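Enquirer: Let the sequences and hints guide you as you build the complete structure.
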Amino acid sequence: MSNMLMFNDHAEQVAAAGGSCPILLGPRRYRAAHDGTVTPTEKTELHWVACVTAIAKDEDKASFALLFRHFAPRVKAFLIKSGADESLAEECMQDVMATIWQKAHLYDASRASVATWIFTIARNRKIDLLRRYARPEPEGLPWGPEREPDQADVMALQQETERLAAAIRQLPEKQRILIERAYFGELTHSEIAAETGLPLGTIKSRIRLALERLRHAMN
Amino acid sequence: MNGIKHHISDDLLMGYAAGALPQAFDLVVATHVSLSDDARARLAGFEELGGVVLSDMEEADLAEDSLEQTLARIAGTPVREKRVEPSRGIFPEPLRKIVGGDEDAVKWRSLGTGAKQCVLQTEDGVSARLLYIPAGQAMPEHGHRGMELTLVLKGAYRDETDRFGRGDVEFADEDMDHTPIAEAGEDCICIVATDQRLRFKGLLPRIAQPFIGI
Numbered sequence: 001m002s003n004m005l006m007f008n009d010h011a012e013q014v015a016a017a018g019g020s021c022p023i024l025l026g027p028r029r030y031r032a033a034h035d036g037t038v039t040p041t042e043k044t045e046l047h048w049v050a051c052v053t054a055i056a057k058d059e060d061k062a063s064f065a066l067l068f069r070h071f072a073p074r075v076k077a078f079l080i081k082s083g084a085d086e087s088l089a090e091e092c093m094q095d096v097m098a099t100i101w102q103k104a105h106l107y108d109a110s111r112a113s114v115a116t117w118i119f120t121i122a123r124n125r126k127i128d129l130l131r132r133y134a135r136p137e138p139e140g141l142p143w144g145p146e147r148e149p150d151q152a153d154v155m156a157l158q159q160e161t162e163r164l165a166a167a168i169r170q171l172p173e174k175q176r177i178l179i180e181r182a183y184f185g186e187l188t189h190s191e192i193a194a195e196t197g198l199p200l201g202t203i204k205s206r207i208r209l210a211l212e213r214l215r216h217a218m219n
Numbered sequence: 001m002n003g004i005k006h007h008i009s010d011d012l013l014m015g016y017a018a019g020a021l022p023q024a025f026d027l028v029v030a031t032h033v034s035l036s037d038d039a040r041a042r043l044a045g046f047e048e049l050g051g052v053v054l055s056d057m058e059e060a061d062l063a064e065d066s067l068e069q070t071l072a073r074i075a076g077t078p079v080r081e082k083r084v085e086p087s088r089g090i091f092p093e094p095l096r097k098i099v100g101g102d103e104d105a106v107k108w109r110s111l112g113t114g115a116k117q118c119v120l121q122t123e124d125g126v127s128a129r130l131l132y133i134p135a136g137q138a139m140p141e142h143g144h145r146g147m148e149l150t151l152v153l154k155g156a157y158r159d160e161t162d163r164f165g166r167g168d169v170e171f172a173d174e175d176m177d178h179t180p181i182a183e184a185g186e187d188c189i190c191i192v193a194t195d196q197r198l199r200f201k202g203l204l205p206r207i208a209q210p211f212i213g214i
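Protein chains in written order, with this note's numbering: chain W, 1 to 219; chain B, 1 to 214.
Watch out, some of these pointers could steer you wrong.
[Said to hold, decoys possible] In silico DSSO-like pairs for lysine-lysine, Cα to Cα no more than 27 Å straight-line: (1) K97(B) x K116(B); (2) K57(W) x K103(W); (3) K103(W) x K116(B); (4) K116(B) x K154(B); (5) K116(B) x K5(B); (6) K5(B) x K204(W).
Calculated directly from the structure, the hints in this document are not laboratory data.
Every value quoted in this text rests on a predicted model; they were computed, and no experiment measured them.
Expert: Here it is as structure tokens:
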């Protein structure tokens, strides 16, 4: 347990982890306050990408601790909202976070934000545990994440994600709540069709980007 | 891939992204997404919505030693998960996984007219099955009590609405009666998810219905 990380000594270790992926980190600088909280300016999509990359490349525990600190409470809250009780949610959340470590090398930053990737892992685990079946997933693409993603693609995708998140936050509250309820599993698919008004406008350019990427990669 | 003309609807994709579909429909959607760039891109959009929902969650309290426990889990499982290679047969990976192989691994049951089926899973009146229709033959005519989602895996069929080839999906509900006929030249294999048992109109199939479970 000697290498166990405490939350208040991340700064140097993460800076060191960042050294392995300088392109992703770019000019952004890590600043950790004395109590270990990550300041809001650091919580950008590219920051989380750098953390996952550091786990994949260097098994970097400091980066994992940062991801954990940010996402674990949200994953747990998501599971509780989805119907898990406190202890099941804690158990399932730990499992999800451990999966992030194990699958870090499969994460492709040109295809999804880290939050989305974690959401899909949490959703699948939730179905495993609450509905008791292994959720069928689409097969992988013929090219794997082993192929280093193009940095321009990564930037474009992650920026698009930030735009999408901003657009969702600007939706009328009623519609936003319905979207949340849909993702907590409170709506059936016909209720989704009838009630959320399918927020297609917000994801339109995200979809276009994904299509371009797929077509580009096939050529 | 290219050539898909009949795409899956946004409500089914969002339902799949949200984890709100019955198991049998999850299987058909995952299989379709494996074959369609369009569906894959749209699914990515709907999953991104889930990412935003997750990001905007209020934080729950964690167990005191939550991170340590998680690190202990990681230490206990050092093996990294391998990527699943795409399937080279006619069944995409999610279907292949359930069947235990490709077309030749299916345990077909005859429907009496040359057509065959294999029920893959059933839960609460929602089921997924593979259907095999010999070239030129019709599926027994049926109406729908609930919703039905069909994905063509091999060959093609036509019904009153259009032609459906590999990768195409067709969604039908109570209001629709259709008679799919496999195109001449190649036998047709589809995967079909139904949310209630279909009712057949022909005499023979009606007698057979209780036994074959359609």
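Enquirer: Could you tell me which of the hints above the structure violates, numbers in ascending order?
Expert: Violated: hint 3 alone.
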